[in-house]
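Visitor: What follows is each chain in one-letter form.
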Amino acid sequence: MRLTRAGLEDLLASLAELLERHGVALDLAAGEELALVESPSRSLSFELRGLLPDAHQPPRSVLELREVWQPSEAGDLERRDYAYELIDHERGYRRAFHLHDRDWFVDRFDVVVHEHCEQPIGRAPCDHVAGHPVRDGYRAVEMLMAIWVESVVPDCAALPCLEEFV
Amino acid sequence: MNEQQRYLTPAEAADALRVSTDTVLRLVSSGELPAIRVSPRVIRIPTPAFEAFAAGREPRRRRVVTRRSHSEVDLGAGERTVEPVTR
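Protein chains in written order, with my numbering: chain A, 1 to 166; chain B, 167 to 253.
Any given hint could turn out to be false.
[To be verified] Part of the chain B face toward chain A, derived, beta carbon under 7 Å:
| id | residue |
| --- | --- |
| 1 | Tyr173 |
| 2 | Arg184 |
| 3 | Ser196 |
| 4 | Arg207 |
| 5 | Arg229 |
| 6 | Val239 |
[Unchecked claim] Simulated coverage check for chain B against chain A, where a stretch passes if three residues somewhere in it have a Cβ under 8 Å from a Cβ of chain A:
| id | region |
| --- | --- |
| 7 | 198–206 |
| 8 | 213–222 |
[As the list claims (entries may be wrong)] Restraint-style ranges between C-beta atoms, simulated for each label pair:
| id | chain 1 | residue 1 | chain 2 | residue 2 | range |
| --- | --- | --- | --- | --- | --- |
| 9 | A | Asp103 | B | Glu198 | 41 to 47 Å |
| 10 | B | Arg223 | A | Arg102 | 36 to 42 Å |
| 11 | B | Gln170 | A | Ala30 | 39 to 45 Å |
| 12 | A | Asp76 | B | Arg223 | 23 to 29 Å |
| 13 | A | Arg123 | B | Gly222 | 38 to 44 Å |
| 14 | A | His89 | B | His236 | 42 to 48 Å |
| 15 | A | Ile147 | B | Arg192 | 22 to 28 Å |
| 16 | B | Pro225 | A | Ala146 | 18 to 24 Å |
| 17 | B | Arg234 | A | Gly7 | 17 to 23 Å |
| 18 | A | Glu73 | B | Asp188 | 45 to 51 Å |
It is worth saying that the hints were derived from the structure and are not from the lab.
From a predicted model like this one, the values you see are computed outputs, not experimental measurements.
In this text, a Cβ means the ideal position worked out from N, Cα and C, and glycines have one as well.
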């Protein structure tokens, strides 16, 4: 996935808008700016975090999107890492879709991406679950919201554990 | 504390908005009302999304600024406590 810098700014603003349309209360004041953080290696990253309304006040379900983009040889930006997370404190589980430490995961498990599933939170039957790449942040919002609206909690033990294939 | 229902069907949303189900499906199709397509025939409208729509809460597009950091972002940092990474 590749974007220009303006395209990345547009993506970030659009994702924030999409989350707010879904009723997610972002960790931002009304009208507060969104930040792209530029590192010494010129990679750009963002973090969007917010609460989903549940029966608790304040709400306790957390949805988080984090991405890291690095300059490509072609002069644009490519998504290098991502971490898309849902921590549902009301129902007591965590689901996450990750891409990071690509070389290590390829060496160790022969995969690029992995997932996490904890139920209850903090207890996982498996440290790293096999998964599929998430196309983009929009798809991540769809996937996490689809999990959140389900009336049953994820069955973490039923997911394919990467450690079992080593 | 009782859990709130987390989604509405298009028919339930139509009932609450006092419009037809077709109107709700049009709103979903246009993206005005966010929804989850569980299968080609099953659509769920997350309750918070419905409430935001019904209340007329229209998110304002936020400005994006760039901030400099002195360190690199490491999304896998927390995981390495479980299993140290050796490269």
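Visitor: Would you check chain A against the region 198–206 of chain B, counting CB to CB pairs closer than 8 Å, and say if three or more residues qualify?
Guide: The restraint on the region 198–206 of chain B holds, since 3 of its residues have a Cβ under 8 Å from chain A and three suffice.
Visitor: Against chain A, is Arg184 of chain B within 7 Å by beta-carbon distance?
Guide: Constraint on Arg184 of chain B not satisfied, violated at 21 Å.
Visitor: Test coverage of the region 213–222 of chain B by chain A using CB-CB distances below 8 Å; three residues minimum.
Guide: holds (count 7)
Visitor: Hint check: is the beta carbon of Tyr173 of chain B less than 7 Å from a beta carbon of chain A?
Guide: With Cβ-Cβ at 4 Å, under 7 Å, it holds.
Visitor: Is the interface hint for Arg229 of chain B satisfied, with its Cβ closer than 7 Å to some Cβ of chain A?
Guide: Hint holds; Arg229 of chain B Cβ to chain A Cβ min 5 Å, cut 7 Å.
Visitor: The hint names Arg207 of chain B as touching chain A; please verify it with the least Cβ-Cβ distance against 7 Å.
Guide: Hint on Arg207 of chain B: violated, closest Cβ of chain A at ~15 Å, above 7 Å.
Visitor: Given the hint of 36 to 42 Å, check if Arg223 of chain B and Arg102 of chain A actually sit that far apart at their C-beta atoms.
Guide: holds (39 Å)
Visitor: Closer than 7 Å between Cβ atoms is the bar; does Ser196 of chain B clear it against chain A? Give me holds or violated.
Guide: With a minimum Cβ separation of about 12 Å from chain A (threshold 7 Å), the hint on Ser196 of chain B is violated.
Visitor: Is the distance from the Cβ of Ile147 of chain A to the Cβ of Arg192 of chain B consistent with 22 to 28 Å?
Guide: holds (26 Å)
Visitor: Was the hint right that Val239 of chain B lines chain A, CB cutoff 7 Å?
Guide: holds (4 Å)
Visitor: Taking 39 to 45 Å as the hint, is the beta-carbon distance of Gln170 of chain B and Ala30 of chain A inside that range?
Guide: violated (24 Å)
Visitor: Cβ-Cβ distance between Arg234 of chain B and Gly7 of chain A: within 17 to 23 Å?
Guide: Given about 21 Å between the Cβ atoms, the range holds.
This entry does not satisfy hints 2, 3, 4, 11, 12 and 14, going by the numbered hints stated previously.
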